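One letter stands for each residue in the lines below.
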Amino acid sequence: MTNTLHRFGKPETLSEDYIVFAMAGKGFNDEGALEKAQSFLRAAIKYNPINMGNALVNSLYRPEKNLSFLKLYFVGRQDKTTYEKLIDEMPGPGSAAAVFDNRNDVISFIQDVKKLDLGLSINVSALADNVRDICGEVDITPHAIEYTLGFHGDTTRLPDRETLSISTMCGHGMVSPNFAKKMVTHVKEGRIDPEDATRTMAKFCVCGVFNTTRAMGILKNAKKGL
Amino acid sequence: MKISKEKCVGCANCVPVCTVGAIYIGEDGLAEINADTCVECHNCYRSLSFEHLLPGITRTIRKILKKINLRFQPDPDVCPTEAIVPEDLEWPRIVRRAFSDPMVTHESTGVHGRGTEEVKTNDVSHRIKKGEAGVVVEFGRPGIGVYFREVQKATRVMAAAGARFEQGNPVTQMMISQATGDIREDVLDERVLSCIVEITTTIKDLTHTLNVLKEICKAAETVVSIGVSTICDEDGKEPLRDILTKEGYETGWAKVNLGLGRASNASITNRESI
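Going line by line, the protein sequences match chains X and L. The opening residue of the first sequence carries number 0 in numbering that gives the first Met the number 0; numbering runs sequentially from there. The opening residue of the second sequence carries number 0 in numbering that gives the first Met the number 0; numbering runs sequentially from there.
Watch out, some of these pointers could steer you wrong.
[Unchecked claim] Residues of chain X clear of chain L, computed beta-carbon distances all greater than 10 Å: (1) Arg6; (2) Tyr46; (3) Leu148; (4) Glu188; (5) Glu194.
[Said to hold, decoys possible] Once the Cα atoms are required to be at most 30 Å apart in a straight line, the calculated BS3-like pairs of lysine-lysine come out as: (6) Lys70/X / Lys203/L; (7) Lys64/X / Lys84/X; (8) Lys236/L / Lys203/L; (9) Lys180/X / Lys203/L; (10) Lys65/L / Lys180/X; (11) Lys180/X / Lys245/L; (12) Lys9/X / Lys4/L; (13) Lys65/L / Lys64/X; (14) Lys236/L / Lys114/X; (15) Lys9/X / Lys66/L.
[As the list claims (entries may be wrong)] DEER-style ranges, computed between Cβ atoms: (16) Gly235/L / Lys187/X: 29 to 35 Å; (17) Glu34/X / Asn33/L: 40 to 46 Å; (18) Pro91/L / Gly189/X: 44 to 50 Å; (19) Asp27/L / Leu115/X: 56 to 62 Å; (20) Lys187/X / Asp232/L: 44 to 50 Å; (21) Asp153/X / Glu184/L: 38 to 44 Å; (22) Lys113/X / Glu184/L: 45 to 51 Å.
No wet-lab data here; the hints were simulated from the structure. Given the structure is predicted, the values throughout are model-derived calculations rather than measurements. Backbone N, C-alpha and C define an ideal beta-carbon position, used for all residues, glycine too.
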């Protein structure tokens with residue numbers, strides 16, 4: 000799973016993008032890891048992560064499989080579950096992720112995780128310099144780092160930068176470029192507002208690493224023609 | 000994956016949702032899936048919401064509305080008639096789903112998604128050791144897809160250059176020879192959304208490895224995403240950034256393993272106590 004490694008975008012938008020996730024190594028610390036992964040996500044709740052997920056169960060934003068005419072037009076869409084429900088539903092540790100849009104919350108959360116001493120591997124995906132600063136603040140010496148070297152090969156097949164900035168927020172590629180492009184166009188045409196378009200796209204990212212704040216910013220800029 | 004002709008009303012909501020553009024509206028006005036292009040990621044089936052309208056009535060309403068220049072259009076993430084139907088997949092087609100559906104766990108590694116742990120659990124696994132670099136080369140990402148026949152072209156070049164393939168990796172598991180980089184014949188025509196080839200090299204040889212990758216990328220017919228990892232020293236410093244900058248790569252975004260993990264399984268702690 001490198002699903003948070005290759006996010007594309009301008010540094011100023013990436014600077015508000017932090018994914019903190021916990022993972023157990025198969026054969027090393029996977030015994031009892033479910034409860035630990037749940038403790039990790041419960042600790043995150045205090046800092047209001049903008050998204051959360053575990054690919055074994057889905058993210059905060061989800062499709063509704065039992066829509067009806069009455070529900071659609073009189074109750075409305077219910078496409079976001081609660082933190083607690085998501086955590087309780089987890090069938091296994093998988094990769095438990097919480098997404099934040101500001102540095103202070105990440106610092107506080109990592110401080111709490113450090114105190115919890117869960118023994119799971121904890122990773123942060125963000126701009127490298129920001130993570131280094133955070134490590135300094137919480138007095139952690141990082142164990143390892145993995146840099147993205149970006150996209151190579153036949154890059155003429157890639158979509159435009161705006162679309163790519165949105166679609167690469169689901170590293171598994173579940174927010175398809177065509178769908179991201181459709182949402183950008185609909186926002187520009189005033190057929191959907193940026194908030195609804197963001198929620199709609201977030202449902203496709205089952206790991207819950209889609210940064211809704213950043214997506215909304217991109218869509219709002221697109222609406223203004225920026 | 001297939002779309003039921005009995006249920007589909009041709010709203011086309013599933014068309015842009017497809018991760019590889021395999022869904023289209025056919026001559027009959029109903030959605031179809033190009034089976035060769037489809038990577039069985041299950042995104043359309045899993046993530047579209049389903050409304051359970053009656054297909055016959057819905058088609059009639061659509062036709063009437065069309066006659067008066069109006070349009071029936073459900074929310075963009077809704078299939079109004081639950082027309083998407085998953086199929087039972089057999090070998091080798093099932094390989095598509097194993098690599099493309101993030102909710103499926105790879106049998107070979109026990110890891111979901113693309114089946115790799117890379118450096119994310121390195122604080123407990125110590126796969127990448129001091130002086131080494133882990134290189135992850137992901138073919139088909141973002142959003143383009145790749146056939147294993149093309150991946151094999153790259154793994155052959157890597158093998159000829161002396162690459163050390165990571166054992167706990169699903170692509171390595173499908174190789175019939177790591178010495179030649181050959182992948183088993185029966186999966187070569189299978190297409191996946193992306194797959195990761197993992198190799199381990201030394202920091203000293205990293206520049207050579209990156210040069211080999213540059214040649215592979217020049218010939219690639221798909222997109223290739225590359226990541227490089229290493230472990231940090233006691234002060235949290237690492238030699239990668241300087242090397243990568245010198246080679247002309249930007250080193251902005253990264254994934255950092257904080258080193259808070261520890262091996263705790265009973266089999267390990269018991270062994271240590273003996």
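Q: Taking the numbered hints from earlier one at a time, note which ones the structure violates and give those numbers from smallest to largest.
A: Hints 1, 3, 6, 9, 11, 12, 15, 16 and 21 not satisfied by this model.
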